[in-house]
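Enquirer: Could you build all of it, start to finish, from the sequences and the hints given here?
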Amino acid sequence: MSSSAVPPESGRIAVAEVATTASPATPADPKSPRTTGGIQTPLDPTRIVNPSRRRRVLILLSFPLFFLLGVPFWWWSTSIERLSLPVERIAALESAPVTTVRSTILLTSAPDAYPPPPPGVPSYGPRQVCEALGDSVIKSTEAYYKQGGRLGTRWWDMVYEGGGRDAPALHVHLLRSEYASTDFPLKPYVQTPHLGLAGIPGPGGAAGGVKAGTLVIPIHPKQVGDRYLREHLKLAITDSILGLYPSEPPEIPLRAIKYSPNVTLSFVLLNEDAAEGEYVQGWDIEAAIREHFTPHLEPLRPIFNFTIESQMLYHAPLSFEPTWTDVASQGEDVKLQIESALGEAEKGKEGAEEVAKALIEEDKREKAWMVDEEMMKVFVNSERWTLDSGISQNPVLRFLLFIPSPSHRPLLLSAPSSSPPSFLLPQFGSVVILNPPSSAPTYHLTPPALKSSFHLFTSHLYSLLALPGTPPKVYPCPPPDPRMEPSGLRDGLNRWQLESVARQRMRENEDEARKTLVGIGRLVKKIKEMQVGEEVRGRVVGAVDRLEKMAKTRDPLEAFVLSRDAVALANEAFFHPSMMGLLYFPNEHKFAVYTPLFAPIAVPILVGMLKELVAWVRRRKLRAKRRAGQPAQPAPTDPTAEEPAGMEPGGLTHSAADKLAGIGAYVSESSEEGSARGVDVVGLADLVIVGPATDRRGTLRARPSRAAQPAS
Amino acid sequence: MRFAASLWGLALLLAQLGLVLANQVHQQVNDLFGHNGSGSATTHTNNWAVLVCSSRYWFNYRHMANTLAMYRTLKRLGMPDSNIILMLADDVACSARNPFPATVYANSGRQMDLYGDAVEVDYRGYEVTVESFLRLLTGRHAPHTPPSKRLLSDASSNVFIYMTGHGGNEFLKFQDNEEVSAFDIADAIEQMSEKRRFNKLLFVIDTCQANTMYSKFYSPNVISTGSSAIGESSYSHHNDVDLGTAVIDSYTHYILQYLETLGKTSRATLQDFFNTYDPARIHSHPGISTELSPTQPDGILVTDFFGGVVSVEVTPKADELDPLRTAGSAGWVSGRRRGARGIGEGGQSSPSPSPMKGPPMRRTEGVRGWANPTERQTEGGWVGNAALSAVLLGIGGYLLIDPRTDRPGIKRE
Chain A
1 MSSSAVPPES
11 GRIAVAEVAT
21 TASPATPADP
31 KSPRTTGGIQ
41 TPLDPTRIVN
51 PSRRRRVLIL
61 LSFPLFFLLG
71 VPFWWWSTSI
81 ERLSLPVERI
91 AALESAPVTT
101 VRSTILLTSA
111 PDAYPPPPPG
121 VPSYGPRQVC
131 EALGDSVIKS
141 TEAYYKQGGR
151 LGTRWWDMVY
161 EGGGRDAPAL
171 HVHLLRSEYA
181 STDFPLKPYV
191 QTPHLGLAGI
201 PGPGGAAGGV
211 KAGTLVIPIH
221 PKQVGDRYLR
231 EHLKLAITDS
241 ILGLYPSEPP
251 EIPLRAIKYS
261 PNVTLSFVLL
271 NEDAAEGEYV
281 QGWDIEAAIR
291 EHFTPHLEPL
301 RPIFNFTIES
311 QMLYHAPLSF
321 EPTWTDVASQ
331 GEDVKLQIES
341 ALGEAEKGKE
351 GAEEVAKALI
361 EEDKREKAWM
371 VDEEMMKVFV
381 NSERWTLDSG
391 ISQNPVLRFL
401 LFIPSPSHRP
411 LLLSAPSSSP
421 PSFLLPQFGS
431 VVILNPPSSA
441 PTYHLTPPAL
451 KSSFHLFTSH
461 LYSLLALPGT
471 PPKVYPCPPP
481 DPRMEPSGLR
491 DGLNRWQLES
501 VARQRMRENE
511 DEARKTLVGI
521 GRLVKKIKEM
531 QVGEEVRGRV
541 VGAVDRLEKM
551 AKTRDPLEAF
561 VLSRDAVALA
571 NEAFFHPSMM
581 GLLYFPNEHK
591 FAVYTPLFAP
601 IAVPILVGML
611 KELVAWVRRR
621 KLRAKRRAGQ
631 PAQPAPTDPT
641 AEEPAGMEPG
651 GLTHSAADKL
661 AGIGAYVSES
671 SEEGSARGVD
681 VVGLADLVIV
691 GPATDRRGTL
701 RARPSRAAQP
711 AS
Chain B
1001 MRFAASLWGL
1011 ALLLAQLGLV
1021 LANQVHQQVN
1031 DLFGHNGSGS
1041 ATTHTNNWAV
1051 LVCSSRYWFN
1061 YRHMANTLAM
1071 YRTLKRLGMP
1081 DSNIILMLAD
1091 DVACSARNPF
1101 PATVYANSGR
1111 QMDLYGDAVE
1121 VDYRGYEVTV
1131 ESFLRLLTGR
1141 HAPHTPPSKR
1151 LLSDASSNVF
1161 IYMTGHGGNE
1171 FLKFQDNEEV
1181 SAFDIADAIE
1191 QMSEKRRFNK
1201 LLFVIDTCQA
1211 NTMYSKFYSP
1221 NVISTGSSAI
1231 GESSYSHHND
1241 VDLGTAVIDS
1251 YTHYILQYLE
1261 TLGKTSRATL
1271 QDFFNTYDPA
1281 RIHSHPGIST
1291 ELSPTQPDGI
1301 LVTDFFGGVV
1311 SVEVTPKADE
1321 LDPLRTAGSA
1331 GWVSGRRRGA
1341 RGIGEGGQSS
1351 PSPSPMKGPP
1361 MRRTEGVRGW
1371 ANPTERQTEG
1381 GWVGNAALSA
1391 VLLGIGGYLL
1401 IDPRTDRPGI
1411 KRE
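Heads up: the sequence lines are chains A and B, in that order.
So the first sequence is residues 1 to 712, counted in this note's numbering.
So the second sequence is residues 1001 to 1413, counted in this note's numbering.
Think of the hints as simulated: they come from the structure by calculation, not from any bench.
Quick reminder that beta carbons are idealized off the backbone N, C-alpha and C, glycines included.
Incorrect hints may have been included.
As the list claims (entries may be wrong) - Listed next, the in silico DSS-like pairs over lysine-lysine satisfying Cα-Cα at most 30 Å (straight line):
id, chain 1, residue 1, chain 2, residue 2
1, A, K258, B, K1075
2, A, K525, B, K1149
3, B, K1317, A, K335
4, B, K1173, A, K590
5, B, K1317, A, K187
6, A, K258, B, K1317
7, B, K1173, A, K526
8, A, K377, B, K1264
9, B, K1264, A, K367
10, A, K258, B, K1264
11, B, K1149, A, K515
12, A, K377, B, K1149
13, A, K258, B, K1149
14, B, K1216, A, K590
15, A, K590, A, K528
16, A, K234, A, K211
17, B, K1216, A, K528
18, A, K528, B, K1149
Said to hold, decoys possible - In silico negatives: residues of chain A with every beta carbon more than 12 Å from chain B:
id, residue
19, S77
20, A91
21, L106
22, W369
23, D555
24, W616
Claimed, not checked - Some but not every residue of chain A turned toward chain B, in silico, with C-beta under 7 Å:
id, residue
25, L254
26, E383
27, A440
28, S459
29, I527
30, F575
31, P577
Expert: Structure below.
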């Protein structure tokens, strides 16, 4: 603007002023005479400041075109990806029956566990004997299921041969044993991992011992000759199989946790207040877990993966005050226990005397700190106690061993009858209160001291994981050496129970996976804003594949693995972060977002298009009139009626053309440095025509000088 | 007995007391079909609560106080902290304008500090967003979200949702920044329902036109209640002169006043709770919606939502080990003596336990985590503690120095 080629001050301002009032978006025509040379005709200024009609229309249309081109991107960026889900397959799964698996049970016998045939009758091998026995077991099982409306199905087949790698997992074995009871009924048991009776050299050791997990039917040599032995065997085998392999796996009770492949067990020893003294400063937790938990956890390896953590807390205050009240009568149980302990002590059993003493003490106790049921509900002071490390997403089962402070001893539960001071919190864990037997500054708990508590923990573990117990007709496994006393602890989890857990959890998982898939399908249909991306669809399809495959599988563990993966995939799909998608956007919201964005732009575009349309219609009319031979009418002075660059000179009146020529000369003079770009000739013409056109230059000078103030 | 009762019923019929007979028959049928007639059979084992304060800034003090008061009430009624998800802007307790720093009160007398100790805010400050709230309900979190920020409820859980903030017709503002609509919450609850993330759900909201917020719900087993009808404002209850701001909202004040009268063992039902609503005192018309729930509020206990552990199972006597099989007090070794006795005595004093039968634990893949660091830290000596303290100090120092962290109450240039 500060160039030396600037015309007189007032004129510069005038043009600038005109430029500001005109449309800034119309650049000067580069082909206009201004660049090529001077002004020859009065129409030149029009060409200079006003782009050609064609060009103007193009510019005008470029905006809608731009929006049109942007539409796909807008569509892509705002639309929700909703891939199609295999709806039909999910629907088919929903109505499909629950998957059932079929197991095979191997029935074998020691060669001497059945009576030899009488003379003259051909001798049968163990296989023939087992086949006959197996047939009758199958018959009696089916009779049992049909009888009395007990609807059930036998989900197993009996085989009589098999070994090595392909051996069926479930095995029933008839064993002749010197140490078995001589009374009927027979007392079947499931062999635990230690070497059983069969390991002892003797007539019982058929094949060097019985594999762990085998259901053993022990037969005493005296019983072999019994004429009803076959009936007894049939009854014993049928009863145990009915108990160990029920038609329907038991339902998972509410107290048990839902299936998760990873489970954390957290063992916590809590001293109520170590500052008061007489606290436990150590426990042999590893040994206790090895003794009490490993036999149950290890066999579950195909189903659960356990992580174990342990800690000791030295200050674990209760959130309530237990009540110091009279102890309810312990009842007859304790008296019996005392008697038996005294009896044992007389026989010289080590420690029995001490136990009897403790029991008598306990019985004599009149008052104690009592925890009633409402207190039990708030016993776990989760505000103050940190019960697990919380490092994983696994469900955590907490086993809390609570040592009351000296001022709260003895701490007992005011529960009916002499139940042990222990309770279970559904889906959470278990609590055992352990009152120290004697006074000492500090204690260290060795495995014997932890035995009773961990025995309770074990039974709580069974409840919390919904593990099946031992059926009533199956007896505990005898200790490896008949001279040893039975431990009284639970036998480790056996193969039959594992099978039951697998079937139970398989059903749970299948049900959960199906419900989740159906739920995803329903939600996607119902909620239109829900996104279904490739990852979600992949997982859904994976889950459906596995469920379909599972229906064809017969092997329990394989089917279980499929169900586990199916439920994991279905859950991953359901809980996939992308499924959250967009929030709900009502139409008013969309309107509120787009209106401020598009309305201001739309107004000039629409008005401009309207003007073009009007001009076009007018031109058409004009042309039609001219063709009809009528002389051209003077161009209107209406600003909307534009003088297009291509218009014939005849279209303008002489005075207007004259004036325009003058302006054009001026403009070409003053626009050397470009300040006149974008001058709309309409405005100029208007300015000139309506003004007092006495002096060409004077007009321009006079008018803008008034308007120069706001422009500067 | 039943025969006698029917005879008795017959006699009454002869005495033209048909109504009484009907009662008799009804009773007998109830007797016959046992306990399921009462409808009180609990099918849930745990309670969860989501408490949302969707406002921030000092002048919204009362919303923080509402939420914290509800939090305290839940805890008083025995709900463990791990089951309460608290979403709170949490910027008033340490606000520079708070004349009583690090406290939040819900009454003008300032009798009870709601902030106090042991307040566990799970989502705080800018974490309280519509998205995080909806993700919390639907369970769709990023994989690294810690368990404390997740609603780990299942088909056996009763879930209580409490929301407070500024709202309007079918929306609730979140931190003056965004808003959640009634449709969003309804869809989120439907997704919870489809995934069986609750057994029963109680939705309570205190905001202007609150009753519109649950008007779009369509999932079963949901009971909802709000503070004010459409077109109505919810008002605060009273101001504290020293704080210079309102300390609690009217509706929340009165429901808390009622909940204060309940104990952990209360048998009050939701109907009793709803009956305490008094529009004249609350200055708005609270709404109640029960049509989605098959069980009517007079069949649901307040403690079914506002309580802690639902049931405990006392171990039966049969599970106990025969005392003769335990060693009595033999296993209790005095800690001090133990140190003096040395290793000779049965290995009990050695730090690692004596080898037992069975396979070594480390080899078993199913049972892992033996020598995990957590155990070392909790049981191990001062070395572990010192290391932990050093790490904590380091983190603390980092937080102090790092200018990016946004901590309420500390102004940054």
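Enquirer: For each hint, tell me whether it holds in the structure or not.
Expert: Against the structure, the hints:
1. About 26 Å separates the Cα atoms of K258(A) and K1075(B), which keeps this hinted pair within 30 Å; it holds.
2. In summary, the hint linking K525(A) to K1149(B) is supported, as the alpha carbons are separated by about 29 Å, within the 30 Å threshold.
3. For the hint pairing K1317(B) with K335(A), the CA-to-CA distance comes to about 14 Å; that is within 30 Å, so the pair holds.
4. For the given pair, K1173(B) sits about 18 Å from K590(A) by alpha-carbon distance, which is consistent with the 30 Å threshold.
5. With a C-alpha separation of about 25 Å, the suggested pair K1317(B) and K187(A) falls inside the 30 Å cut-off, and the hint holds.
6. A threshold of 30 Å between alpha carbons decides the hint, and for K258(A) with K1317(B) the separation of about 27 Å falls inside it, so the pair holds.
7. Pair hint K1173(B) plus K526(A) holds up; C-alpha atoms about 25 Å apart against a cutoff of 30 Å.
8. Among the hinted pairs, K377(A) with K1264(B) is consistent with the structure: their alpha-carbon atoms are about 9 Å apart, no more than 30 Å.
9. Between K1264(B) and K367(A) the CA atoms are separated by roughly 26 Å; this keeps the pair inside 30 Å, and the hint holds.
10. Distance restraint check for K258(A) and K1264(B): the Cα-Cα separation of roughly 27 Å lies within the 30 Å cut-off, and the hinted pair is therefore satisfied.
11. At roughly 25 Å between alpha-carbon atoms, K1149(B) and K515(A) fall within 30 Å of each other, so this suggested pair holds.
12. Of the supplied pair hints, the one linking K377(A) and K1149(B) holds, its CA atoms being roughly 24 Å apart against a limit of 30 Å.
13. Of the supplied pair hints, the one linking K258(A) and K1149(B) holds, its CA atoms being roughly 20 Å apart against a limit of 30 Å.
14. Pair hint K1216(B) plus K590(A) holds up; C-alpha atoms about 20 Å apart against a cutoff of 30 Å.
15. Our distance criterion of 30 Å between C-alpha atoms is met by K590(A) and K528(A), whose separation comes to about 15 Å.
16. Straight-line distance between C-alpha atoms of K234(A) and K211(A) comes to about 22 Å, which keeps the hinted pair within the 30 Å bound.
17. Restraint check for K1216(B) and K528(A): the C-alpha separation of about 16 Å stays at or below 30 Å, so the hint holds.
18. Proposed proximity of K528(A) and K1149(B) is supported: the alpha carbons are some 28 Å apart, at most 30 Å.
19. The Cβ of S77(A) lies farther than 12 Å from every Cβ of chain B, with a closest approach of about 19 Å, so its non-interface assignment holds.
20. A91(A), annotated as away from the interface, keeps every beta carbon of chain B farther than 12 Å; the closest lies near 16 Å.
21. In this structure L106(A) is separated from chain B by more than 12 Å, as the shortest Cβ-Cβ distance comes to about 26 Å.
22. For W369(A), the non-interface assignment is confirmed: its Cβ lies about 16 Å from the closest Cβ of chain B, beyond the 12 Å cut-off.
23. Distance check on D555(A): its Cβ is at least 20 Å (rounded) from any Cβ of chain B, clearing the 12 Å threshold; non-interface status holds.
24. Taking the minimum C-beta to C-beta distance to chain B, about 48 Å, the non-interface status of W616(A) holds against the 12 Å cut.
25. Evaluation of the L254(A) hint against chain B yields a held restraint, the C-beta minimum of about 5 Å falling below 7 Å.
26. Restraint check, E383(A) versus chain B: the minimum CB separation of about 5 Å is within 7 Å; hint holds.
27. Interface restraint check for A440(A): the shortest CB-CB distance to chain B comes to about 4 Å, inside 7 Å, so the restraint holds.
28. Look at S459(A): its Cβ gets to within about 4 Å of chain B, closer than 7 Å, so that hint holds up.
29. Residue-level restraint check for I527(A) holds (minimum Cβ-Cβ distance to chain B is 5 Å; threshold 7 Å).
30. Here the hint on F575(A) is kept, as its CB sits about 5 Å from the closest CB of chain B, short of 7 Å.
31. The beta carbon of P577(A) is positioned within 7 Å of a beta carbon in chain B (closest approach about 5 Å), and the interface hint is therefore held.
Against the hints set out earlier in the document, no violation occurs for any number.
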